[in-house]
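**Q** Chains as they are written, first to last, in the numbering used here: chain A, 1 to 500; chain B, 1 to 106.
Hints are all accurate, no fakes.
Using C-beta positions, here's what the derived DEER-type ranges look like:
#1 B:Ile-8 / A:Ala-200: 24 to 34 Å
#2 A:Ile-30 / B:Ala-102: 39 to 49 Å
#3 B:Glu-103 / A:Thr-465: 26 to 36 Å
#4 A:Pro-230 / B:Ala-19: 19 to 29 Å
Since the hints were made in silico from the structure, they are not lab data.
C-beta atoms are modelled at their ideal positions from N, C-alpha and C, and glycine is treated no differently.
The primary structure of each chain is shown beneath.
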Amino acid sequence: MVNGLPGVTALLPALLLAATGLALLLVDTIRPDARSNTSMAIVGAVGSLAALAATVWLTATGVGSADAGAVYLFSDAVKVDTLGLFFTAIFASVTALVLVAGHDYFDDGVNPAAFYSLVTFAATGMALLAVANSLAVVFVALEMVSLPSYVLVAYLKQNRGSVEAGLKYFLVGALSSAIFLFGISLVYAATGSLILADIASASIEGLTGVLGVGIVMMIGGVAFKTASVPFHFWAPEAYEGAPAPVSAFLSSASKAAGFVVAFRVFTEAFPLEMAVSANVDWMLAFAILAAVTMTLGNFAAAVQEEVKRMLAYSSIGHAGYALIGVAALTVDGPANGTVMGAAMAHLLVYGFMNTGAFLFVAMAERWGVGRTFADYAGLWRRAPVASVAMAVFMFSLAGLPPFAGFFSKYFLFQAAIDNGFVWLAGLGAINSVVSLYYYSRVVKALFLDDPASPTALDAVDVRPTALYAAVVFAAVATVLLLPGFGPVIETAEAAASALF
Amino acid sequence: MTAVASSIPPTWYLLLASAVFCIGLFGVLTRRNVLYFLMSVELMMNAANINFVAFALYYGDLTGQVFALFVIALAAAEVAIGIGIILVLYRNFGTTDVTVPAEMRW
Chain A
1 MVNGLPGVTA
11 LLPALLLAAT
21 GLALLLVDTI
31 RPDARSNTSM
41 AIVGAVGSLA
51 ALAATVWLTA
61 TGVGSADAGA
71 VYLFSDAVKV
81 DTLGLFFTAI
91 FASVTALVLV
101 AGHDYFDDGV
111 NPAAFYSLVT
121 FAATGMALLA
131 VANSLAVVFV
141 ALEMVSLPSY
151 VLVAYLKQNR
161 GSVEAGLKYF
171 LVGALSSAIF
181 LFGISLVYAA
191 TGSLILADIA
201 SASIEGLTGV
211 LGVGIVMMIG
221 GVAFKTASVP
231 FHFWAPEAYE
241 GAPAPVSAFL
251 SSASKAAGFV
261 VAFRVFTEAF
271 PLEMAVSANV
281 DWMLAFAILA
291 AVTMTLGNFA
301 AAVQEEVKRM
311 LAYSSIGHAG
321 YALIGVAALT
331 VDGPANGTVM
341 GAAMAHLLVY
351 GFMNTGAFLF
361 VAMAERWGVG
371 RTFADYAGLW
381 RRAPVASVAM
391 AVFMFSLAGL
401 PPFAGFFSKY
411 FLFQAAIDNG
421 FVWLAGLGAI
431 NSVVSLYYYS
441 RVVKALFLDD
451 PASPTALDAV
461 DVRPTALYAA
471 VVFAAVATVL
481 LLPGFGPVIE
491 TAEAAASALF
Chain B
1 MTAVASSIPP
11 TWYLLLASAV
21 FCIGLFGVLT
31 RRNVLYFLMS
41 VELMMNAANI
51 NFVAFALYYG
61 DLTGQVFALF
71 VIALAAAEVA
81 IGIGIILVLY
91 RNFGTTDVTV
101 PAEMRW
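Isolated chain B, as found in the complex (with noise of 0.2 Å):
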């Protein structure tokens, strides 16, 4: 472990990690715009990612970081799925705010 990394304790990054996936969720919470949907979504899985870097350094182990850069590449994959469904929803109901499609009820 390099010498700034251990000079911080690991709760700190578990703090900020948390911090970012709050921000995230309440994005997602109070947000209708879907695009605002998908960065939001995006904040907190790399809240996850934080924890996996953080983490495999402390415990000195690559499979967290490995693991990152996984879900980085899967969290584009969703984005692009993501963008897919927008770019229909957009055509069917001429908007991305997500309270708009209600033709079925809950």
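Chain A on its own, in the form it takes in the complex (with noise of 0.2 Å):
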């Protein structure tokens, strides 16, 4: 460990995030009955931001990177390494995001107390998520994101809208827990372990049969959590439920949730080689559902009428392509480790054009302006920057060249050929393609449609200071990461290599 430091300095993130959780907790109970809004949002975007510091420090001096090698903690259930600490640096951007939008589209409803700490509880489940090294470990952490995420999703508890979406999120989200429990029973059942390099180096005698059922099992309950086919019937109906910050939190931190486990689980535990030996290939299964989700996804969002919902089958479409980074895998192949580090660095740019979009939709639906595309036209004349951040969101989502999304994207397919999935690679430019015709209609949309009638726009008398913020934040951090982009790569490419 750096300078030395105990050990336990490399989960420094995962504590302030819980820390942060609990002194929101302390404010609440000191002035129960003030709305200690201003206060909270402080508390927790301080919070959060000082949980990104500390991951930045952390990959900085090079704790767990590939020379240093990972920090072991608590009998190896913990693993910190740079793979680790990226998705963590993803999870504390989005947290700060949402909590800092969270402080005015609240403005006037409920004491939104419970919203802010729920919020910073999943975020620590994620960071423990991200350095988890045995299932155990991975099952706790994953309750620990989605049972908070339950309780956001119907957080507007009058409104039946978001009541509906939490119930239906609870459900499909119960049962592939479950599912994945079972799976990792089964895994444990024939291999004799739960930490990740065990299983892979147990003998499996004659058990061949159930750890397979239990590789698929635990495959359900990764698609559930990266709204992935065949569970993403949830994601439509609780994105346009859910309050559009706490959507905003789940498509993109609780997505990035989702592939950690992905990547890790399953290069470590259930290794390419012994996967294609065992004949329970993985990697295929991923590829079927990368191509149907993808797919899927990107067709659905073309025949929205809602921005909201259209949002929600885009985050769809994006689980597709970021799956590709455990799709395109082959035994040896040459770009293993580039492909997965492309679909990291995919995620973290998704994480702030993802967010940035959903909080334009929390701002509209704090002004009321409605939720269709028709509902937003001409708003750029009442509201240009946000119009623009907005645009900037949506030609980034769709891939076009001066974005980072773009580099994103285009890392991620020219790995995948480089591994010879040209295939793939070839489905989701067409679904890029796809993905441009609905993205711009929100665009046109915005700067060039007429509003419905002259009275239509003065529901934007509102100036939300902080949701304005942030939307800024997230647009110049899109912005940035174009000339930024190299060493987020490298690190990326760094960090998935290491798991081969």
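Now that you have both chains on their own, put them together as the hints suggest.
**A** Structure representation (structure tokens):
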């Protein structure tokens, strides 16, 4: 460990997030009757930014890098490496954006104390998930993410849409976590261990079938968390019904949390050679899921009339792109580390642009201008800065050249081709073209269309400062990731290569 | 391993756990009342617990038994959240039937 600090320092990001959650509860305890909205937003934002700073500091000092070796804690149940720190950076950034945005979203609503602490506790679970090295920790951390998320989706408890969304999210979530757990129990039955490296080295005597069923069931759990086919049904409902900052949190951070499970667990516990020799080819399963998910997500998004629902389906489509990171792997493939690293970089860029897009929807909900494309017509006349930011998000999500989303997609498809998955890259490119259609519909509505009536834009009368700040910050990050993409992709590829 | 436990081959535990899991899954797919849904999910999680405990004994390894305790705690937390959501569901829709809330199209 660097500078002679104890090994537990490597868990600093997760500890800081947990302490932030507790501090938020403390603020609420001191003044339970006051609406300490601003102080909570400040405490939450400072805490999550501190976690982000700690993550960057740990990465910069080389903790868990391939040279220094990963930091193992708690009898190998936790393994802090660059992969975990990279994902923790995504979680902490999205959490900070969502907490700041929450300040204005709930302005005249209910006491938002629970919102801030639940988001922070879910982020703690994600930070723990990113460094989990045992299936037991994976499951506990996954539940730590899921349980606050169910409540957050149903947060507007007087709102029928929010409650319905929370119910559907809970039903699919409880079912898929039970399936995931049963998968873990079958893997344990076949290998006798829950530590990832020990599962990989265990000798399986005649229980290959049990292991195979276990792996398939675990894929189901991952598919739920990442909102991929066949467990994607909850996503459009939950994202549409939930408060928009919660949709942003779920579709960016929670989705990335699902991918960290896929990236780490499957490559470390079920190495490629073993998967092929034991005839449990999970790479093929992920390839099929990736193809179906991106196609379904993008084509369903193209026929939506509501912007939030369109973003929900587009988020399913992006899960399909990121799944290429675990699908386009082959035994001794030349670009295994590159393709997974590119998927990680895509998730980072996606974290900013997708959060920003949902936060713009949050602003529209705050104004009460309506939910459909037509309701957004001419918004730039009243909100030029936010509209320009939204255009940046849309073009970046579509993957147009001058934005960060283009580079992450380009690297991803290129690496997939290098590894011999031309069909997957080609399908991704076709889907990107489809996505350009519905993303540009938003930009067209914002800038080119005339408002339905002269009074249609009178709703835009408040200036939610914190929401504006979060949206503008996300847009700046999306643009700044363009010159800064080199270090990001290098870190991601180094982190992913350490897994093979 | 005790004499009784070692006299039962591990396959039988797997069969028992799979049977309990399938009963739970059947309940999830057929029942329309959310409370039955919660009970069915509980069955599915406890099926996993049977596996954990049985194979902890089989391998002479405590990991599985300890994890089963974790799972019991998590299942209780999940039910607590679930009951809360069912409560707001009932207040808003006046029912615990999962097919009734369909304001958003699929």
